[in-house]
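There are 2 protein chains.
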Amino acid sequence: MNEMKKIIVAFALLLMIIPAEEILAQKATWIWYPGDYDIWLSNKMQNRRTERGAFYPPFWRLYSHYNLVDFYKKYDLPEGDEVEIFVEGDYNVKIDGKLVSGRPGKVSIPGGKHELHLKVYNQVAVPSIFVRGKQVVSDGSWMVTYEDKEWIDDSGNASDISANPWLEADHRNFSDPRVLPSAYKLETRPEQAKSTVQKEKGWLIDFGRETFGYLSFHGLQGSGKMMVYYGESEEEALATTTCETLDEIPVNKEVAEDMTLIESRAFRFVYVVPDPSVRFGSVSMFYEFLPLEERGRFRCSDEQINKIWEVAAYTLHLNSREFFTDGIKRDRWIWSGDAYQSYLMNYYLFFDSPSVKQTLVALRGKDPVSSHINTIMDYTFYWFLGIYDYYLYSGDKAFIEKYYPRMVSLMEFCLNRRNGEGMMAGLPGDWVYIDWAPLDNKGEVSFEQLLFARSLETMTICATLMNDRPSASRYGKLADDLKAKLIPAFWSEEKHAFVHSRIDGKQSDAITRYTNMFAIFFGYLDSLKQHGIKEHVLMNDQVQKITTPYMRFYELEALCALGEQDYVRREIKDYWGGMLNLGATSFWEKYDPSEKGAEHYAMYGRPFGKSLCHAWGASPIYLLGKYFLGVKPVAPGYRQYTVEPRLGGLEWMEGSVPAPLGNVELSCNQKEIRVKSTVDGTGTLRFKSLTKPACKTAAIRKSGENEYEMTILKNTEYLVKYKNAE
Amino acid sequence: MNEMKKIIVAFALLLMIIPAEEILAQKATWIWYPGDYDIWLSNKMQNRRTERGAFYPPFWRLYSHYNLVDFYKKYDLPEGDEVEIFVEGDYNVKIDGKLVSGRPGKVSIPGGKHELHLKVYNQVAVPSIFVRGKQVVSDGSWMVTYEDKEWIDDSGNASDISANPWLEADHRNFSDPRVLPSAYKLETRPEQAKSTVQKEKGWLIDFGRETFGYLSFHGLQGSGKMMVYYGESEEEALATTTCETLDEIPVNKEVAEDMTLIESRAFRFVYVVPDPSVRFGSVSMFYEFLPLEERGRFRCSDEQINKIWEVAAYTLHLNSREFFTDGIKRDRWIWSGDAYQSYLMNYYLFFDSPSVKQTLVALRGKDPVSSHINTIMDYTFYWFLGIYDYYLYSGDKAFIEKYYPRMVSLMEFCLNRRNGEGMMAGLPGDWVYIDWAPLDNKGEVSFEQLLFARSLETMTICATLMNDRPSASRYGKLADDLKAKLIPAFWSEEKHAFVHSRIDGKQSDAITRYTNMFAIFFGYLDSLKQHGIKEHVLMNDQVQKITTPYMRFYELEALCALGEQDYVRREIKDYWGGMLNLGATSFWEKYDPSEKGAEHYAMYGRPFGKSLCHAWGASPIYLLGKYFLGVKPVAPGYRQYTVEPRLGGLEWMEGSVPAPLGNVELSCNQKEIRVKSTVDGTGTLRFKSLTKPACKTAAIRKSGENEYEMTILKNTEYLVKYKNAE
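Heads up: the protein sequence lines correspond to chains D and C, in order. If you read the first sequence in the numbering used here, its first letter stands for residue 135, the second for the next number, and so on. If you read the second sequence in the numbering used here, its first letter stands for residue 135, the second for the next number, and so on.
Hints are supplied without guarantee of correctness; some may be wrong.
Identical copies look the same in the list; a pair holds intra-copy or inter-copy alike.
[Said to hold, decoys possible] Computed list of lysine to aspartate or glutamate pairs in DMTMM-like fashion (alpha-carbon distance at most 25 Å, straight line): (1) K240 x E185; (2) K857 x E185; (3) K536 x D501; (4) K178 x D224; (5) K500 x E546; (6) K232 x E382; (7) K766 x D523; (8) K232 x D465; (9) K228 x E185.
These are calculated hints, taken from the structure and not from any lab test. Please read all numbers here as calculations on a predicted model, not as lab measurements.
The task is simple: from the sequences and hints, build the whole structure.
This is how it looks when you write it as C-alpha cells:
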C-alpha cells in the first residue's frame, strides 16, 4: 500500500464514514466478455414488447452471450492477498493453473508473480465475475476469452481481449458484488396522478404528461380481474378495443393491500376497469428512468422555442433507457436509424458515452452477419455513421479497438452484396427504408450509395486507427471509387439535384429530398451544387414534403449547414410548436399539420398506432446545440472544436454544450458573445460582425469579409463585443 | 378423417386402450430449430464434469441455441381444426399473419388455406413448440427460421429450414406435450449393492461392476455432513485425498428418510464417510442409462472372446448417453475422435442413428468456426469421417441436406489454414494429437494429411448429393491433388512405409504406425505397399507400440483388412483378455500389460486419473462384427452390402449385424455358413472354400481361386456347405 493510500484510509477510519475495505477496493467492478452484457440485456429489453397482451418480439435475428468464458490476470504482488470472489454462473478458480477445490468464495493469493483464472459457465445470463482483494480486483485490465486453448505454447491468442468494466457507467451500479448483473434495473421514483375521474365502467387517471413506469394500486381488495387500458391520449385509454397496450390483472386479496404491476408501460392516461367485485383506493405510479444528468442547456428569447427544447429533452430522456429506444409505447426496440439520431442529440444533452456504446454493440450483435441491422440496409450504414460520430465526439479509441473486428465483418457483408456497378441495391431479405413516405426504392437508390460511401470512409478512419494499413488503403479506395460514381450516376444537371435512384442504368425521374440534404452536410458537394439543391429541392414545395421528425432532422440540418438558421427557427416553431399547440407533452413519431383531432393518433392502419413519444422527435436539441449555439468537435474528442453561434433571428440565446470532459458555456445576443469553456481542447470561436469586434482576453483574427475568429482556451472567460452580421 | 383412420379409432375406442385423440395426434412431437436442442443439451451435459468437487467445464468454445425462432406451416384443411398449443418459451401465435391475443393455449383454424406462425423467445432453453389438432400437428414438415424478414415479397428465404422432429428418436420421449424438452432425462432403474463393508472411518460399498447413476441412501438421519468418495477401483474409493470424484453431502434430518443424490457419477466402489452424528441404514443406487436395444450379437467357440464382446457392449452402452461420451468417470465430454469410434461400434451393436446425428451436430456447433473441433486438428477430420460413415451405413440423405452448410464452413476453415504446400500443419491454437504417445507432431504430419484427404472426399460425396456441382468438382480436385502428394511427400521406399512427418520439406526419420494403418483401410495403397507396411510396420516390434485401445482399434482394423483375422483374434484375447484378467468389468482408456497393480489406475500424473470405462475400449464389437462376421454396407444405407465371414481360428461363430431396417443373421463353422437377412437391400456372401460349395436356395459363383460368392436376398434362409479355406 502506498503512502497516500494509507493516509486516505487513516483519514476515512478517523471519520468513520467509509470502511477501509471499501476505499481499497474502490476499483472493483463486475466484468464480462466485451459486449455480451449489452447483447443479453438488449434481448431482455426488446422482448418486453406486447401488443394488446400478445407477446411481440423483434423480427430480426438476436444473438446470445458466450456461455463459457475464461477470465484471467497476471499479478506481481508485493504481499499476499485475500480475495473475495463473486460470480454469476457456475465456475472454478485456478491459481497458477492449479484448480482450487469447490466453488470458493475466497482465495488466498501469495505474494509474487501469479496467474489467476476464473472460468464461468452460464447459459441463462452473462458469465460475470466480481473479484475484490486489497490488490487484486476485477476491472478492465483483466483478459477474457471464450475459448482458452490450453494447448498453445504461443501466448498470442487472438480471441483474448480485455474484459469490459463498468465503472465508467456511473448510472449503472455494477460496483456492488451482492447484486448480480442480471438483476440490473433502471431507477424508479413515485409519482402522483394529476386527476382521477370516474367513467361509465371504471376510472380514468391522468398523469398530466407522457410518462413511463409501473402503475401502482393502493388499497386493492377483492377477487376477480381488473383491466388496465393505457393511452398516450385520453382517446386511446378509453378505446378499450383498440388501445395499443393493456394489462389484465388477476386480483385475489381478502384484505386491502398495495400492488405495483410487474410490467412498465408508457402512458399519460390510464383507464382502469375492475370487475364489480374488485375495489381500490387510489392509483399512482413508479416513474422508471435512466438517471442521466442533463449537461446540455438552451435558453433563448423565444419562450416557445424554450418549451420545445424542454419537451425535446424530456422526450429524449424517456427514450434513453437500457439502450436508446425508438419510442416508449410500442416497440421499445433498438432501431439503428432511430438510435443514430439519439446519439447525436445525446452529444448535446447528456454526453453519455456508455449509452452510445451499448446501443452500438447491441445493434451489431455478433458474427456471422446474415442480414442488415434491423433488416434495413440504411440502418446498417447508420451503424457505421454512429461509429464515425462517436469517435469524433468522444475520441474513444479503445472502443474502436475492441469492436473493429465486428466492423470489418459487417462491412464484408455489405461488400459481398454489391452489384456489378459496385453499388448496393436491395436484395431479397433487405428492407430499403429511408423514411415513412411513398417511395420507390427499387434498383440503385442514390441515398443508400451516399450512406455506403460514408460507411466506407468510417472504415478507412478506423482501419487507420488500428494501424491496419492494407485495409485502410482498400477502404479508402473503395470509398473514393464509390464517391466518384455518385455524380455521374445520380446527378441531374437539369434538375440541379440528385435523382432518387437508377434502375437498369437509367436515372429515375423522381427527385426526393433525402440524398440531396445528406450530400450537403456530408460535404460531398461544391457550393454551386449545394445552392442548386437548396433552391430546387430543399426550398421547393413541389418536391415531396417530409412528414416525419426523423427526416425533418436532416432536412433542417442541411439548411442549417447552408446558414439558413432563421428559416430553420421558423420551421421549428411551426412544426414542433404545432405539436405543442395540439397538447403534446412529448414529441411524436410523425406529425402532419393537415390532420385533425384523433387522426393524429393513427398510424400503420391502427387508430392509436402512432407513438406520441418518439426519440426522433427530439431533434431541436441537436439543431439548437450544434447550429445555433454552434458548438462541434473538429478533431476527435473535442481536442479541437469550433463555436459558431448563429442567432437565426433570436434576440438572445444562452446555453451549454457538453464535451467528454467539461462544457462549452455560451451566451450571445446581437452585441455580445460570452464564452467559457472547461473542455480539454482548443476551441475556435467564429462569428460575423459588421463592426470590428473586441475582446479583452483574446486576439481576434479576421478570416473573411465581416468574418472573424479567435482561439478559446480552457477555463478562460471571453466577452466579445461585436455587431451581429448573420 | 379417412376411412382407415376411422376404423383404427373405432377399434381403439372399443378396446378402451388409447383415447381417440392420442391416435389422431400420434404424429405430434416437440420441434425446434435443427440442431439447437443438441447444442443446448450437450452444453448441459458437458458442464456436469467435476474434479474433486470443483466445476470443470470443457476448454473449447461452446455455442448457443437461437433464442428467437419463428415456426410456420401452410395448411389446406378440409375442415376447421381446434389446435392445442404448448410452448417452451414466451411466444405469440399468428393465423394468416394476424396476431392472436395473449398467449393462447388453444386456437381455432378454419378450413381452407391458412398459414400458422408461432414465434418463440427463450434465452434459457431451446424455443420449442408442440402443436396438436386433429389435422394440424407439429412435426418435421414445419418450417423454421431464426430471422423472419417480414419485409420480403420474395418467399425464398435462405434461412428457412424444416424443423427437427423427434419422433424418430424412440428412446427420447418428446411426444408428451406436458413434458418440456428441457426436462429430458435419461432413464433410471434401482440397483442393489453387492457388498457393504465397514472400514475405519466409514463404509465401502461395492456394486459388483462398473456402473453409473445416482447413489441412494435409505434411513438417513442426523445432522452434519457425509463425504462420498467414488472409485472405479477399490483403491480409488478408499483414496480420500486423490480419488477423482467426490461429493460432500449436507444432512439435516430429524427423522430417518431416504435420499437420492442429485448428481450422477461413475463408480464400482463407493466409500461413504459420514460425520459421527449422521447415520444411514443402507445404500443402493439408481442406474442411469439410455434405453438402447442391443440389436447386434456375437457368440463363438471361445468363451473369453464372448466375455470380451459382452464387456465391450456394456462399456459402449455406459458411454452412450445423451451423446457419445469419451468415458463416464472423468470428462463425460464429447470428443470427436472418441465419438467417431462409438459411431462405428454403434453400427454393430445398436444402430442408433439419432445418437450418431446428435453427437455430430453437438460437436459441430455453429458458425463462425474459430478453432478445430475440441481444438484438435485430427478431431475436425474425424468429424468429416463420421459423416462419411454415417451416410454409408444409414443412407440418410436428409441429414446431409440439413447440415451441408455447416460442413462447408468447417471445411473452409480448414482450407484457409493450409500452408503453401496445400497441407495442414499445426498453427497456434491447434492441438495435433493423434494418440497418447510420445510423438513429435511439428510440421506437416502425414497422418493429418491423410485424414484431410478423406475429409475432402467426404465433401465431394456430400456436394454431389446436394447437387452442388461446382463444389463437388472443387473438393474432388482438392482431394485428388492432396492424395497425389502423399506418396512423394511421405513415402519412404527404403522403409516401406510412410514417415511420420515432413519438416521444412524434409522427411523425418520417425516411422509410426498411424498413417500406415489408416492408409490400408482407406484403400489408398496398392497391394505391394500394403504388404510392405504389414511386414515393416504393423508386425514389426521395433516400431513404437500402441498402448491405447483407441489406436489399437485402427491397428487391428488394418490387420483385419489385410486378412490377418487369426492374428487379430490372438491380439484381442491378449489385450482385452489382459484387462479382464486384471478384473476389469468395463474396458479402459489405456492398458499397458507391463504395468503392475495400482499403476494401472494412474494417468495424467494423477494416481486415479485413468478412466476404467472408456468408449474407445469397446472396439472388439466393431472388429468382430465387421471383420469376423464380415458384414458391411457397400452402397449407402445397406442397399448393397457384403458378408465375408472369417473365423480367424475360431471353431464357430454366430451373430447378428443390424442395418437401418433389418438384420443380417449369420452362423458359421468350418463346414457350414448359414445366413438370413431381413435387410432391405442386396447382399453378397463371399467366402473361401477348398471344395466346391453348395447351397440349395442360391446360385454360387466362382470369383477366384478357392473364392466364391452368392447373392443374398431379403428374408431368405441360406445354408452353404463348404470347406473353409481362409
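Violations among the numbered hints: Result: hint 2 breaks, nothing else.
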